Amino acid sequence: MRKVFFSFILFFCIYSPLWAAIDTIAVDVGISVFKTMPLGVVPFEEKNGPIAWGEMPPHKILESDANLSGRFEVIASQKFDLVAFSKARAKFYVTGMVESLEDGMLKLSCYLYASQTKQLVFGESYKVAVQNVREAMHLFFDQVVFELWGERGVASTKLAWVRKIDGVKQVIYADYDGYRRRQATNDSAISMMPVWALGNRKLIFVSFRNEKPQLHVKDLDTKRVRRIYTNHKQSFSPAVNPITGEILFSVIRDGKTDLYLGDAEGKNSRRLSYLKSSQTSPAWSPRATEILFTSDRGGGPQIYVMGKDGSDVRRITFMGRYNEKAAWSPTGDRIAYTSMDNGKMNIYTCAFDGSDIVQLTSNAGNNEHPTWSPDGNLIAFASDRNGSYQIYIMRRDGSNVTQITKQGENTSPTWSWYDSPPPTSKKEGKK
Amino acid sequence: MKTMNWFLAGACTFLLFTACSNPPPAETDPAPKAKKTAIRVENTSKEDSLAAAERARLEAERLAAEKLEADRARLEEMINQLMSDDVYFEFDRFELTEKARELLAQVGDMLKAEERFIVTVEGHTDARGTEDYNMTLGGKRAMKVKEFLVAYGISSDRMETVSYGKEKPKVEGASEDAYSQNRRANFRVKIK
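Residue numbers (our numbering), protein chains in the order written: chain A, 320 to 750; chain B, 16 to 207.
Think of the hints as simulated: they come from the structure by calculation, not from any bench.
Please read these numbers as outputs of a predicted model, since none were measured by experiment.
Among the hints, erroneous ones may be present.
As the list claims (entries may be wrong) - The calculated DSBU-like cross-link candidates involving lysine-lysine, where the alpha carbons are at most 35 Å apart (straight line), are: (1) Lys205/B / Lys483/A; (2) Lys552/A / Lys586/A; (3) Lys181/B / Lys595/A.
As the list claims (entries may be wrong) - Ranges of calculated distance between the beta carbons of each label pair, as one might list FRET restraints: (4) Ser190/B / Ile484/A: 17 to 27 Å; (5) Gly618/A / Leu90/B: 37 to 47 Å; (6) Ser171/B / Ser739/A: 47 to 57 Å.
By construction, the Cβ of each residue, glycine as well, lies at the ideal position given by its N, Cα and C atoms.
Isolated chain A (complex conformation) (with noise of 0.2 Å):
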């Protein structure tokens, strides 16, 4: 298997020459490389006078979004420009309006264009204040994403992760893009493993408030902190269920960690399994019917999966002496892990019968705790490449890699789920 690899490896480094320009390979063993859609991008008319926007105008956020959602490439203009557009083959462009309104709100009237015809393909106004025109135009870009490929976009989803705040770690949520930040919890004690409830209003996290590892939830509605499973004293490792809102975890017990499946309102448990192993890292299936988690049975971590009901185990990961902290990408096809080779961390995607292995980072320092946003598009992750633990956002074949978080430390992400259920026709939203 290695060896194999290994030659493959090789093989793109004798015959790529782009090799050493790119941080990230994506050494490609089964999956198309991403197929892009060209998008021109027009800067919005300021119809009543210039207007002062936040940390960028509307256009910006939506050549940002386009970029990240790894489906396009943004062809931007000053202006509607046909030759530059028909030479990139962009057919769609991006373009709006904004007024400034007598209460001091703005209308942004959004629009997208077929741009051969210069026909409007759908447009879309909003009446916000100028510090919710990110949100806007993320609900905007969805709107564009599902027009255009008739699949759900992630501009408007959120990610939450651990950043270290005069010391010590809290837990901090924002957008997906790493705007908009808020900080979840202000302890004294570590905070850390953020996960989302379903319906993204709780996060689930870890905190040592009791000097223990000990499962919290916090509501962001109500800002309530409440420890959840409290007769466990030490729990951690936290998965929802992506249909149910139960949540698996790890209890650590006379030295051995265990699984547990516990109710959503963080009430009651039960033990999952009665392995020998210690076992942690838990993770569903996008239909919630399997379940991955890392056991160290053979000497070191290594990635299994078993049935809901804790049957039927099998080892899915089998290169490598360390491989943990496994997520099922939300299309079911793949499953993302971080695997450790010579005190090295990096990210890797199989199959899920732990075939068909594709190493996603590689020569750009740590990289590690990998989430699929909900369309199973992008990873975020957080690594070290330049120099401190960052938050980064990459396709599901490595490529694109764009960090979101500047300063301090960031580290475990997590993807929150889509807000609302799925359009029911392709016309919603359509004026």
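Chain B: place on chain A using the hints.
Leaving out everything else, chain B in the frame of chain A:
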């Protein structure tokens, strides 16, 4: 103290003597005087014995406090010793090394000598690897230490284990030196 008593007694005798020997200008005068003095003498000696008891009590208290202080200092020293007794592990391992066993035997002796100590054994790992797996590893390390001490004769009721995973490094940094100091179990001590 004694000289004072003798002096007072002497003074009284002298007064009594002069009162008797001198011809009184008035009959009633000297006697009450002598009486008063005598009473005063009696009072003084009573006050004096009370003061002595008080002093003895204070002295005892002082000694007890001193003893307590010494005890506390000794306990503190033991606690400091316990808290600085870190048990080190190999990478991704939780077996006790020979050195760790020697150190834990000393810890065991201390816990036997001081029954009031209740300890929390904290298990830690170095910064390499994932948070989750390191939590399990820290749990195993803490348990290994507890098991050794139970086998050494320490009641398991007096020991609690907790894993901190890689969250509480002793030494910051990404060097092998820092790693080796962070792969440890250490003690937190409470007095019953």
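To see whether the hints hold, each was checked on the structure:
1. At roughly 30 Å between alpha-carbon atoms, Lys205/B and Lys483/A fall within 35 Å of each other, so this suggested pair holds.
2. Distance restraint check for Lys552/A and Lys586/A: the Cα-Cα separation of roughly 14 Å lies within the 35 Å cut-off, and the hinted pair is therefore satisfied.
3. Annotation: proposed proximity of Lys181/B to Lys595/A holds, straight-line Cα distance about 24 Å (limit 35 Å).
4. As the Cβ distance of Ser190/B to Ile484/A is approximately 25 Å, the hint placing it in 17 to 27 Å holds.
5. Against the hinted window of 37 to 47 Å, the Cβ-Cβ separation of Gly618/A and Leu90/B comes to about 42 Å, which satisfies the hint.
6. Between Ser171/B and Ser739/A the beta carbon distance is about 52 Å. The supplied range of 47 to 57 Å therefore holds.
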